[in-house]
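Residue numbers (the numbering used here), protein chains in the order written: chain A, 1 to 434; chain B, 1001 to 1254.
Just so you know, the hints here were simulated from the structure itself, not pulled from any lab data.
This structure is a prediction, so every number in the text was calculated from the model and none was measured.
Among the clues, some could well be false.
[Stated by the list, open to error] With a Cα cut of at most 25 Å, we get these calculated DMTMM-like pairs of lysine to aspartate or glutamate:
{"no.": "1", "chain 1": "B", "residue 1": "Lys1014", "chain 2": "A", "residue 2": "Glu383"}
{"no.": "2", "chain 1": "B", "residue 1": "Lys1151", "chain 2": "B", "residue 2": "Asp1177"}
{"no.": "3", "chain 1": "B", "residue 1": "Lys1182", "chain 2": "B", "residue 2": "Asp1214"}
{"no.": "4", "chain 1": "B", "residue 1": "Lys1122", "chain 2": "B", "residue 2": "Glu1112"}
{"no.": "5", "chain 1": "B", "residue 1": "Lys1151", "chain 2": "A", "residue 2": "Glu398"}
{"no.": "6", "chain 1": "B", "residue 1": "Lys1108", "chain 2": "A", "residue 2": "Glu398"}
{"no.": "7", "chain 1": "B", "residue 1": "Lys1182", "chain 2": "B", "residue 2": "Glu1089"}
{"no.": "8", "chain 1": "A", "residue 1": "Lys51", "chain 2": "A", "residue 2": "Asp382"}
{"no.": "9", "chain 1": "B", "residue 1": "Lys1182", "chain 2": "B", "residue 2": "Asp1195"}
{"no.": "10", "chain 1": "B", "residue 1": "Lys1113", "chain 2": "A", "residue 2": "Glu383"}
{"no.": "11", "chain 1": "B", "residue 1": "Lys1151", "chain 2": "A", "residue 2": "Asp382"}
{"no.": "12", "chain 1": "A", "residue 1": "Lys347", "chain 2": "B", "residue 2": "Glu1089"}
{"no.": "13", "chain 1": "A", "residue 1": "Lys347", "chain 2": "B", "residue 2": "Asp1177"}
{"no.": "14", "chain 1": "B", "residue 1": "Lys1113", "chain 2": "B", "residue 2": "Glu1074"}
{"no.": "15", "chain 1": "B", "residue 1": "Lys1151", "chain 2": "A", "residue 2": "Glu356"}
{"no.": "16", "chain 1": "B", "residue 1": "Lys1151", "chain 2": "A", "residue 2": "Asp413"}
{"no.": "17", "chain 1": "A", "residue 1": "Lys360", "chain 2": "A", "residue 2": "Glu137"}
{"no.": "18", "chain 1": "B", "residue 1": "Lys1018", "chain 2": "B", "residue 2": "Asp1229"}
{"no.": "19", "chain 1": "B", "residue 1": "Lys1129", "chain 2": "B", "residue 2": "Glu1089"}
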Amino acid sequence: MSEPALLPLVASLVDAPLPVSGIAWLDAMRRDNREVFVAGGLPLARVEAWKYTALRGLARRPFVDGDAAALTRAVDPSALALPGVDGARLVFVNGAFRADLSALDALPAGLTLQPLSQALHADPDPLRFVLSRRHYEADEAFTQINAAHARDGAVLRVADGVRIDAPLHLVFLGAPAEGDLAWHLRNVIELGEGAALTLVEHHLASGEQAHLSTVVGDIELREGAHLHHTVLQQAASGTSLIRRTGLRLHARAHATLHLAELGGALVRHDLRAELIGDGAQLETRGVFMPHGRQHVDTQLAIRHQALNTASNSTWRGVASDRARGVFRGAIVVAPGADGSDASLSNKNLLLSGSAEIDTKPELEIYADEVKAAHGATVGQLDERSLFYLRSRGIPLAEARALLTAAFCRTVLDDLPNAVLREHLSSLLIAQLPG
Amino acid sequence: MLKIENLHARVEGKEILKGLSLTVNAGEVHAIMGPNGAGKSTLGNVLSGRDGYEVTAGTVIYNGVDLLALAPEERAAAGVFLAFQYPVEIPGVNNTYFLRAALNAQRKSRGEKELDSMQFLKLVREKLKVMQISDELLHRAVNEGFSGGEKKRNEIFQMAVLEPQLAILDETDSGLDIDALKHVADGVNALRSPDRAFLMITHYQRLLDYVVPDVVHVLAGGRIVETGDKSLALKLEAHGYAGLAERQPARASA
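In isolation and in its complexed conformation, chain B is listed as follows (with noise of 0.2 Å):
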């Protein structure tokens, strides 16, 4: 589904992403760990379209096609979905209203049919269920006065709705207490299917205990240097980032 191959990034003209290769396959979670500063959230950047990470080398090909031309809209579209690390609030814009704007935007540009309110309504209560949200979240602007916890389980909340293939998890699990985490994590479990991709990024093996993954990789130093089961995640626990280096000195080093 998804196959990056020697991807370079910079940011502010400084070099974050070195020489990074993935290969993620429909039906299974990777989980991206490394130590902060790796490229971590700029992986995530970058795959998603934000304006400032500047791509000079490597390919992402998804689905076949090369995702790095495309608009953030047309990913979107494509089924690339990224939860933030840090959602923003948009005071005066209906949480309801957006995210049918967004829906039925996808779906047009794929040549469905839009959803009318009552279809809408009829999607949204369901996803509602499965993710245990108060239904008084749709009726406030999006993420404005939301609690961090709330803001991550409405990025979980978007991404039931919207049914990505690829969905890109940016330090979901970051700042939220063990019971949002959990709800997080229930979350992401009632989504996983053989025909969706999740990519976790993450600096904790915290939320590996929930969602267990399929792959586990060492981000450093901008590049991939150790790939594993989740057997990794909980030795990174153990040691630490710090033996990385030593590890892979040939590799870790810019």
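Bound-form chain A, shown alone (with noise of 0.2 Å):
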């Protein structure tokens, strides 16, 4: 009997060599998620995590692995600006570290911030602890290919105490190639104790395309470190993008995130949170927009774990055209996180009737002296407020996007830098159907 034949997706990643660092703990651990990977390939429907998003589109197209010519596409530097960003720049174009496009002249003290691929160069044994991870889980495919690929990705470390001023900013742009692309980034963030960061990822895209990216980042807070992180995803929209983010707060460790899903064809991200230190606090501000025939889904975990911590997460989705959203919120207060307090809210709009947004919270306490609420609503405009409006003269559409829009900027109301929030504002805005 012969074998079934294998999915094009999985066929051109098992015949992709893998990298070859000559550490020898970190080619094991490549092989062994490939093992694992291979062994119980994509997730399909069955696996619960997966229910909603098919990878069957996806797992039809073959890729190529890596860009060999990522060092020498054609960038516009001035189109990866973000305003209101002015500090360091790591960019990676179509999975590549470019060099000529970041700016890492003259780093602050107590800052570094540089390509996986140099960190490990350097000296791999800062980086052996969190590489070394395996992935067994079903619904960790994407996870395993990406420990298993990923080259490079970015190192961004903050000593004890220090505070960093200006907004780090990571770019991770896609652009056009000869065919369809796959590759894979893993960023390791720390923030020693007491440190101090604001940090942007801005995903986008220099022109059309359907690769595929997976991107996998450690966020490891210690006691008392503070980051402010925004996500700004603007992908191509042909581009599928598989994300995971995982967030580790220790003691009194304070967490701001602010998201906006506004690109790509099929979008995932996996964001989990722990609350492992007392006192740790962690809000979760997000807003996707999917349009067109988009496919957008995040599943947001948060875990406490500790005495009397604190999360609070406010999701917006905008779903019109054929697209779809999907949230998943899931809150698990485990024993012994006693006195903490969580809340999370999923409100989503539905513009047309062949949208659709699937949202699902999910709340476990197992501790005592817990304060949690939890909410999730899929709807359409209010109509007293659309009447409202066009009473005073304001018409149909134009009330309709105004109410839109206001519903999504409540994601971004305690975003502190002024500039990028409305920055962020008006790409929102741009989003919607006009």
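Once you've looked at the hints, go ahead and assemble the two chains, each given alone in its own frame, into the complex.
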């Protein structure tokens, strides 16, 4: 009996040679993760975490591993700039580090910002723990692929007690190539005790293409560290972008995340936060606005594991045309996380009869003295508000746009960088159907 | 300016207006009084074009055009303004932004030049002075977190900026304390002009002490059952609406 033919995506991944670093533990980890992936395959609908995101279309497409011409792709550096973001910049084009587009001169004392490839070359040991992980879960196929294939990514460290004022900028750009490419990036971010950082992560495209990229990031906040992290996702409309972000907050660490998911064809983000130290605090604010035939899936999982931890999440989804949005917001308050406070709200608007949003709130509490609030809605614009605006002379289409923009913008309200906030706000409005 | 003839309207299948007729000329202030359930708010909603109100018979001619054929925003651009009984809170939409969008949408639809932000601010400052409203209101989201009195004053302020020809005030006096009522009345009086007409829908005579109407109508059972001058309002205040059926037995009965 012959083996069933591999799906083209799986075949192109299995055929691609693994990167070889010469670092024994790293190369072993890559081989192990590939083996796990080959044995388990892609998570199809039978895996609960992928129930609403079908991979059949993606699986039928082959991809070329990496971009041999990544270092010479023409990129307009001015297109990478974001208003209000003026700190050091690390740029990747089609998965490869581009020194010529990055701004890494005169980094402030206490800040390490470099591509993973260089960090490994210089001294792999500090990365050994975080990069040695094996991912065995069935829903972790892309994390396995990423672990096996990622050649580069951002390594960012802020030393104990150091506060970096200027917002740092990580840029992940997809550029047109001769065919559809696949690349994988691995980010490692650590803020030392009492450190503070503002970070902007920007996924964007310089033209139309249908590449596949995976981005896996670990963010560790030591005691009392403070992170403002903004993610702007503007991948090309044909792109498949699969991200997994792990966030660990030690005692009294505080992270505030703002995410705007605007681009891509198939977009998936697993955002997993663990509040492992007493008094850790997390705010997540996100908006996803799929249109056309986009599919945007966010899986937020927050785990309270220590005393008096707090998380507060506000998410908005707006789907138009035939687009699909998926949101899962799962909060676990583990045994011993007494005195914790968790709240999550996800409100969604459907702007067309063919659009769909699936939202699934989950709340599990195993501790005492816990405050938790949890809510999700899917609906249309409020008729009373629409009539109020129209009665003042604002035409129906404009009234809808005004209310929809207001609905989305609420997630930006507490973004402290006013210039960036205004810019994001204008991008949200531009994304709405005219 | 406004001629309503034999207007019949339904809400959720129930007939509320049953042959209402009314004529309002430019420069006049008409008060429409009546008991709860008489159809007062239905009249305001039908005139402003709210969904869910089905006109089954009758005509409404406003400045020579069929008002009922226009969309709500077209009515606004034509100069019809409804001050809401319950103004809606719209989080995330700034009051100034909203009002400028409204004014410019109306101007655009009338073929007038839109105001830039400097011109608009100048206009708003003038109107704030007339309305005695603090400009702090402008920086907030539309009606969000406003007290009942602030919401009603914001309605009158919007009216001052939009300068309608026909202003319909739907129970603008309800829920106001005496100071707020005076502020609202001062605002309305400041806007009285020979080109502008007012239709003030109210349950109580109280507002009419401060905004003196030219004509008072009594609306009961879905139609106008009595019309008179301001003394009619005082009579109603003294005797209540209970005697209406006896005075107009044939017309007031359903």
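message: Checking each numbered hint in turn, tell me which of them this model violates, lowest number first.
response: 8, 10, 13, 15
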